[in-house]
Amino acid sequence: MERKLVDAKNTFCPGPLMELIGQMKLASVGDELEVLSTDKGSAADIPEWINKVGHELLDSFEEDGVLHLIVKKTK
Amino acid sequence: MRILIVGGGMGGTILANNLARRLRGELKSGKASITMLSATDQHMYQPGLLYVAVGKMSPDELYRDQAGLLESSIRFEVDPVTKFDLAGNNVTTESGKRHDYDVIVVATGSRPHAEGTPGLAEHALQFYTEADALNMYKSLQAFEGGRVVVAVGVPHKCPMAPLEITFMLIDYFKGRGIWDKVDMHYTYPIGRVHSLEPVANWAVPEFERVGVTYETLFNMKEVTADKVISEEGTETDYDLLVTIPSHKGMAVIEENELGAGGFIPTDRARLNIEGHDNAFVIGDTTNLPISKAGSTAHFEAEALAENIASTIKIGTPVRDYDGKVFCFIEAGEGRATYAMFNYQNPPDPKPPTKGMHWFKTVYNKMYWASARGLL
Ligand SMILES: Cc1cc2nc3c(=O)[nH]c(=O)nc-3n(C[C@H](O)[C@H](O)[C@H](O)COP(=O)(O)OP(=O)(O)OC[C@H]3O[C@@H](n4cnc5c(N)ncnc54)[C@H](O)[C@@H]3O)c2cc1C
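Going down the list, the sequences are from chains L and X.
Residue numbers for the first sequence follow our numbering, so the first one is 1 and each next one is one higher.
Residue numbers for the second sequence follow our numbering, so the first one is 1 and each next one is one higher.
Hints are computed from structural coordinates only; laboratory data are not their basis.
Just so we're clear, the structure is a prediction, and the values are computed from it rather than from any experiment.
Take the hints with a grain of salt, since some may be wrong.
The following label-pair restraints were derived from C-beta to C-beta distances [as the list claims (entries may be wrong)]: (1) E197/X / E62/L: 17 to 25 Å; (2) K174/X / G41/L: 29 to 37 Å; (3) T35/X / T74/L: 24 to 32 Å; (4) G96/X / E62/L: 13 to 21 Å.
30 Å max Cα-Cα, derived BS3-like pairs, lysine-lysine [claimed, not checked]: (5) K221/X / K52/L; (6) K181/X / K56/X; (7) K25/L / K73/L; (8) K56/X / K40/L; (9) K72/L / K9/L; (10) K350/X / K9/L; (11) K350/X / K25/L.
Listed next, the stretches of chain X that the computed footprint assigns to chain L, with coverage defined by at least 3 CB atoms under 8 Å from CB atoms of chain L [claimed, not checked]: (12) 195-208; (13) 222-233; (14) 334-344.
The beta-carbon is built from N, C-alpha and C at its ideal position, and this holds for glycine as well.
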């Protein structure tokens, strides 16, 4: 098990969810990915995608204006 | 100071010419040298492939001799690198030659990887290589109507291409008088129709106006002869499937374990390979969370050229890459717009105009001046 940082702070295109989708492909089942985002939309669209695909959102919190979303690849 | 540039595409070429101008004196006196190693003697203007796919440009318009684009002080060899030894400051090439360097810049680009999605390569039309773009145009000519689906993999170079190819296909079908027989369906990986929110906000009413349906949060899992199945558990039927597949970096990057998926971990401001002070990456090969686009490669190349030159001249870099990206967006009906942004400032694209389309058409020709470093 690994925890990989997906640092998508201060970027607009392709944006945090697209970064996460790309990194998911490179990860193994059971790996954790921590997405860092300053994009307000990510708070809603990352959990929505994870829920639809069936991965697991382990935690989410905001620290110094940066949103952290910790996701586990389940399949 | 031996500078080695690996890759003679958009990023490598702009970097090499910019450096050659900044270091004219040092190159003349032998204090510095610039060597470029690439995989081909031709330079392709890849954005032109969009137009080849719909019969608006012919492939021969997209190529120039690479050697002719470079300042004469640059040593250029067609001999792809097979082995990187970053600890030993050398690379080995296909011909077996070893090149030692003081500074290396990797700019080997990225490539579509349809094979990563079962069924995609067999069933979908693509336009990211000359052969694929030509094949797509021939298939379009034989198409008489039905359901056309556009599907997009992650990551991919040129973030504007999904929307652009959609609008260009609409124009193509209209031009042939068969648009009323076409049912066009656009899909996109995230929760809106484009990663840039203002662009998505503009595109949705355009889709509604011309009658394109769309589905978001759609990531291809598998493709059969008549449908695309998504990771999200939905599926969509098609008669003609047009795709921008997910991308990888070059195999040589993965083989040398420089980065997962062929993308090298890169410092977002200084552009050095993480953990190495004398090795840099520009263009599609970085793992930076920004657009894989020619303009990104261009602006990174300018920042890095200034820093490498200043390090040679005054012993220190002088600027950070600020994340700047500029992308034209072909909007169909002879109109275009653009998006410009960096790490700090979001894009604010204006409504498309005919003038901007003409500017893009002219840029398609002016690209060669830009590669030479004259723009
Ligand atoms: C259809 C299409 C439309 C596009 N439209 C746009 C657009 O409108 N605007 C925009 O900004 N961008 C656009 N792009 C993206 C743009 O072309 C790329 O982002 C850009 O070319 C990246 O530059 P690069 O220098 O990183 O790589 P490339 O330009 O791809 O160059 C890579 C170079 O590395 C060489 N190479 C490969 N392997 C080796 C090796 N082992 N050793 C040595 N050399 C090697 C290759 O021969 C090549 O010269 C488009 C791309 C496509 C395909």
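### Message
For a quick check of understanding: which of the numbered hints are violated here, in increasing order?
### Response
The structure conflicts with hints 3, 4, 8 and 11, although it agrees with all the remaining ones.
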